[in-house]
Structures are given as structure tokens and as C-alpha cells.
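A.B. asks: Sequence:
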Amino acid sequence: MKHPVHKVAALAAALLAAGCAMTSGIVAIGPDTYVLSEMRAPVRGGGAEAQRAVLDEAAGFCQQQGRAMAMLDLRPDGDPRGYYWPTAFDATFQCRPIGTIASSAAHP
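Just add 445 to the spot in the sequence shown (first one is 1) and you have the numbering used here.
I should point out that these hints are in silico values taken from the structure, not numbers from a laboratory.
Treat the hints with care, since some could be wrong.
What follows is a set of in silico ranges between Cβ atoms, one per label pair, in the way DEER data are often shown [to be verified]:
1. C465 <-> R541: 31 to 37 Å
2. V488 <-> I543: 36 to 42 Å
3. P476 <-> L519: 17 to 23 Å
4. V488 <-> T545: 38 to 44 Å
Please read all numbers here as calculations on a predicted model, not as lab measurements.
Every residue gets a Cβ at the ideal spot worked out from N, C-alpha and C, and that includes glycine.
Put together the whole structure using the sequences plus the hints.
C.D. replies: Next up, the structure:
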């Protein structure tokens, strides 16, 4: 049987690892227009993982509606003075009818 301190240490490590990622969740800001922020600590992939998570979550959200994601703005976030910058990405996107993305990209 493990000593109780080992159980506490294992639980603390699990909570710490889980706390290294944050999301704003998808927030509607207009008709079919949404914002989303994802942050990942360097140990969880940092900015590259935050960017992947933003793109995946936005695309999945639109697909659930039977629509396609159109990215309006995607930018890095976090403390630019930090060694591991960026650690977050912010996205503004729309869910548009499938087949309208290419034509609307040329004419916003």
C-alpha cells in the first residue's frame, strides 16, 4: 500500500497538469460570428498547441451546425516578453453555409 503522501503528490501532479490549459469557450459576438481563446502552458505544447486547439474547436463547432468555418482573425496572445511567447491564440470566426467560403473570402 502506498503512503498517503504519495497519493497526495500524485493528485497534485495531475491537477497541475490539467490546469496548464485554459479556454474561453466559444462566445457569440454577432450573427454567425464567434470568438474563442485557447491558452496552453509550454509543457502542454505552448502556442503551437493553442493554435491547433483554436482551429480544431472552431471548425468542429461549425461542422456541428452543418456549416463551414471562415477565420476572420487569428492572432497570438500571451506575454510577448515571456520566453515561451506565444502561449495563447485568439480567434474570431464565422460559421457560413458550406460552399460560400471561397467566394466570400474574395469579397468580405
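A.B. asks: Look at each hint and say if it fits the structure.
C.D. replies: Hints versus structure:
1. C465 <-> R541: 31 to 37 Å: Since C465 and R541 have Cβ atoms about 33 Å apart, the given range 31 to 37 Å holds.
2. V488 <-> I543: 36 to 42 Å: Distance hint for V488, I543 holds at roughly 38 Å.
3. P476 <-> L519: 17 to 23 Å: holds, 20 Å
4. V488 <-> T545: 38 to 44 Å: holds, 40 Å
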